[in-house]
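Q: Residue numbers (our numbering), protein chains in the order written: chain A, 1 to 311; chain B, 312 to 622.
Derived BS3-like pairs (lysine-lysine); straight-line CA-CA distance at most 27 Å:
hint	chain 1	residue 1	chain 2	residue 2
1	B	531	B	517
2	A	128	B	439
3	A	128	B	531
Now the in silico label distances, taken between C-beta atoms and shown as ranges:
hint	chain 1	residue 1	chain 2	residue 2	range
4	B	324	A	250	49 to 55 Å
5	A	247	B	485	54 to 60 Å
6	B	369	A	288	44 to 50 Å
7	A	20	B	373	14 to 20 Å
8	B	515	A	24	34 to 40 Å
9	A	144	B	602	47 to 53 Å
10	A	154	B	350	35 to 41 Å
11	B	513	A	20	35 to 41 Å
Calculated from the structure, these hints are not laboratory results. As the structure is a prediction and not an experimental result, all values here were calculated from the model. Note that CB positions come from ideal geometry on N, CA and C, so glycine has one too.
There are 2 protein chains.
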Amino acid sequence: MTATPLGSGPEFDRIRAIAAALGSSARGLGDDCAFVPTGNEWLALSTDVSVERVHFRREWLSLEEIGWRAAASALSDLAAAGAVEPVALAALTVPAGEGPDTFASLMRGVGAALAATGGVVIGGDLSKGEAIALAITVVGRARRVVGRRGAEPGDALWVTGALGGARAALTAWNAGRQPAAGARIRFAHPAPRLVAGRWLVEHGAKAMLDLSDGLAGDAKHLAAASGVALRIDLGTLPLDAAIGESGIDGEPAGFAAQGGEDYELLVAMPAAFRGTSEFPLTRIGEVSAGLGVTLTQDGRPVTLAGYDHFA
Amino acid sequence: MTATPLGSGPEFDRIRAIAAALGSSARGLGDDCAFVPTGNEWLALSTDVSVERVHFRREWLSLEEIGWRAAASALSDLAAAGAVEPVALAALTVPAGEGPDTFASLMRGVGAALAATGGVVIGGDLSKGEAIALAITVVGRARRVVGRRGAEPGDALWVTGALGGARAALTAWNAGRQPAAGARIRFAHPAPRLVAGRWLVEHGAKAMLDLSDGLAGDAKHLAAASGVALRIDLGTLPLDAAIGESGIDGEPAGFAAQGGEDYELLVAMPAAFRGTSEFPLTRIGEVSAGLGVTLTQDGRPVTLAGYDHFA
Numbered sequence: 001m002t003a004t005p006l007g008s009g010p011e012f013d014r015i016r017a018i019a020a021a022l023g024s025s026a027r028g029l030g031d032d033c034a035f036v037p038t039g040n041e042w043l044a045l046s047t048d049v050s051v052e053r054v055h056f057r058r059e060w061l062s063l064e065e066i067g068w069r070a071a072a073s074a075l076s077d078l079a080a081a082g083a084v085e086p087v088a089l090a091a092l093t094v095p096a097g098e099g100p101d102t103f104a105s106l107m108r109g110v111g112a113a114l115a116a117t118g119g120v121v122i123g124g125d126l127s128k129g130e131a132i133a134l135a136i137t138v139v140g141r142a143r144r145v146v147g148r149r150g151a152e153p154g155d156a157l158w159v160t161g162a163l164g165g166a167r168a169a170l171t172a173w174n175a176g177r178q179p180a181a182g183a184r185i186r187f188a189h190p191a192p193r194l195v196a197g198r199w200l201v202e203h204g205a206k207a208m209l210d211l212s213d214g215l216a217g218d219a220k221h222l223a224a225a226s227g228v229a230l231r232i233d234l235g236t237l238p239l240d241a242a243i244g245e246s247g248i249d250g251e252p253a254g255f256a257a258q259g260g261e262d263y264e265l266l267v268a269m270p271a272a273f274r275g276t277s278e279f280p281l282t283r284i285g286e287v288s289a290g291l292g293v294t295l296t297q298d299g300r301p302v303t304l305a306g307y308d309h310f311a
Numbered sequence: 312m313t314a315t316p317l318g319s320g321p322e323f324d325r326i327r328a329i330a331a332a333l334g335s336s337a338r339g340l341g342d343d344c345a346f347v348p349t350g351n352e353w354l355a356l357s358t359d360v361s362v363e364r365v366h367f368r369r370e371w372l373s374l375e376e377i378g379w380r381a382a383a384s385a386l387s388d389l390a391a392a393g394a395v396e397p398v399a400l401a402a403l404t405v406p407a408g409e410g411p412d413t414f415a416s417l418m419r420g421v422g423a424a425l426a427a428t429g430g431v432v433i434g435g436d437l438s439k440g441e442a443i444a445l446a447i448t449v450v451g452r453a454r455r456v457v458g459r460r461g462a463e464p465g466d467a468l469w470v471t472g473a474l475g476g477a478r479a480a481l482t483a484w485n486a487g488r489q490p491a492a493g494a495r496i497r498f499a500h501p502a503p504r505l506v507a508g509r510w511l512v513e514h515g516a517k518a519m520l521d522l523s524d525g526l527a528g529d530a531k532h533l534a535a536a537s538g539v540a541l542r543i544d545l546g547t548l549p550l551d552a553a554i555g556e557s558g559i560d561g562e563p564a565g566f567a568a569q570g571g572e573d574y575e576l577l578v579a580m581p582a583a584f585r586g587t588s589e590f591p592l593t594r595i596g597e598v599s600a601g602l603g604v605t606l607t608q609d610g611r612p613v614t615l616a617g618y619d620h621f622a
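Make the full structure from the sequences, and use the hints.
A: Right under this line is the structure:
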């Protein structure tokens, strides 16, 4: 497997530097999951780190929610691979002086997120450190390799669920307000889309990723990896009801397109695909020859910046 | 797979609290590796976190050495499972403001440790954070399940390599001195024993673990997990030459038995096993009915405390 072509931005600059340093001691970096063949199927593997004061604050979330969210973020990568039956390993770092209860509460959340997707925790490691950090590794079983590559001109772009809820919560917290209940739950308790991911793979998904950095930014990664151009009509985006309840300034579709950490799936499906009523799925654009992402509103191109943890 | 019986100490108090909190959403916690069946073999999985100012200091090691050591620590868990052909995922946390070179240097060390065991890096995640931390997850292929359980009365205890070298380096650094070259290399560049681990499993290993916390402490874990008593003759311990070069105060065998992070293997072999010249392997004791670990020196029992990250 050669390396997946990478999009732009400071995080991908780091991945590019790592890939160059590793040379032949790495394989297939830059996708949501790594795939390893086993018998007549594939194992999909992903690791995801959540760090206090970077990804969350203890004032915002309970320890159980911190654990759930960290695990859900990793599980969402499996969803983007159409992988199921997850097992997880959890490497926990907790400040010195915290007792067994802190570890137990964090892991109760991790375990609940696994259980909700039919999975179990099978191992881990513990350390002290200056802040809470959880590195969650998940392994699931996939029928075929689906990643960011594979979208082709003529495909249509679809997105699961609704966007912008998690950003509405973050916006409230950062402004010193409590978020609306619906927004808070989207941030604290995201539900990874494993059932939808598997269904989409079984129904012909050609390329898929989960929206962890926001649609505007993540779409660029899919376009770069597939070597195609994407056109997304912001007027068609499924907006989370929490955006309206949160009194956001400005244009809600642009807000939602830049909202990270919704953990919905963006998928390129064959042109003949007509949607489903199995789960919320909305057609938001199409794939064409070329490179890059064009966002339109009322037929006019608009420019938005994606969210990047290193920007 | 039921939970492995756990030894004593603050770290295991935390693991016990986690296992209680997780209930049925966990499986088989407390061993070096988790095992997942696949086709006609097993996958062995382990995750290991290395945190700046807890497991290492940047004044002691280059970034490449920090990466190597973090990966070697995880790979050593695979060695204890007799697993080979490792793949790795690396979750890196690095302070804000560090550029792509820091990530690349850390990962160059991770990649070199994988390459040295015939493995590759297949994925990862990047975050900023207050300190450097690496959570390395490794997956290898194992022919059967070998862990901390399985030692039986009549078995003999053997250890690979030599002990105490890494502790000699730590002792020097903590006293404000530069360690002797041999001690430094044992701490900075441990070589995980995958070849030996696989060989031992093929030759009848009944229980095995890697010495990350020190022989005195780790032997207690093997005894507790197997439900047996262990007797170790300190006079037979293979001592690292670096102990003598480092001018250690006191008794070298006791020093070596309490030295963490040598990443050698402690293994219970059937009584009929006669050793090997394939790699350094020393008989240091035996397994009997009962519980706990007895260390002897010149035939007399002695008491040593094991190293525990949370003690």
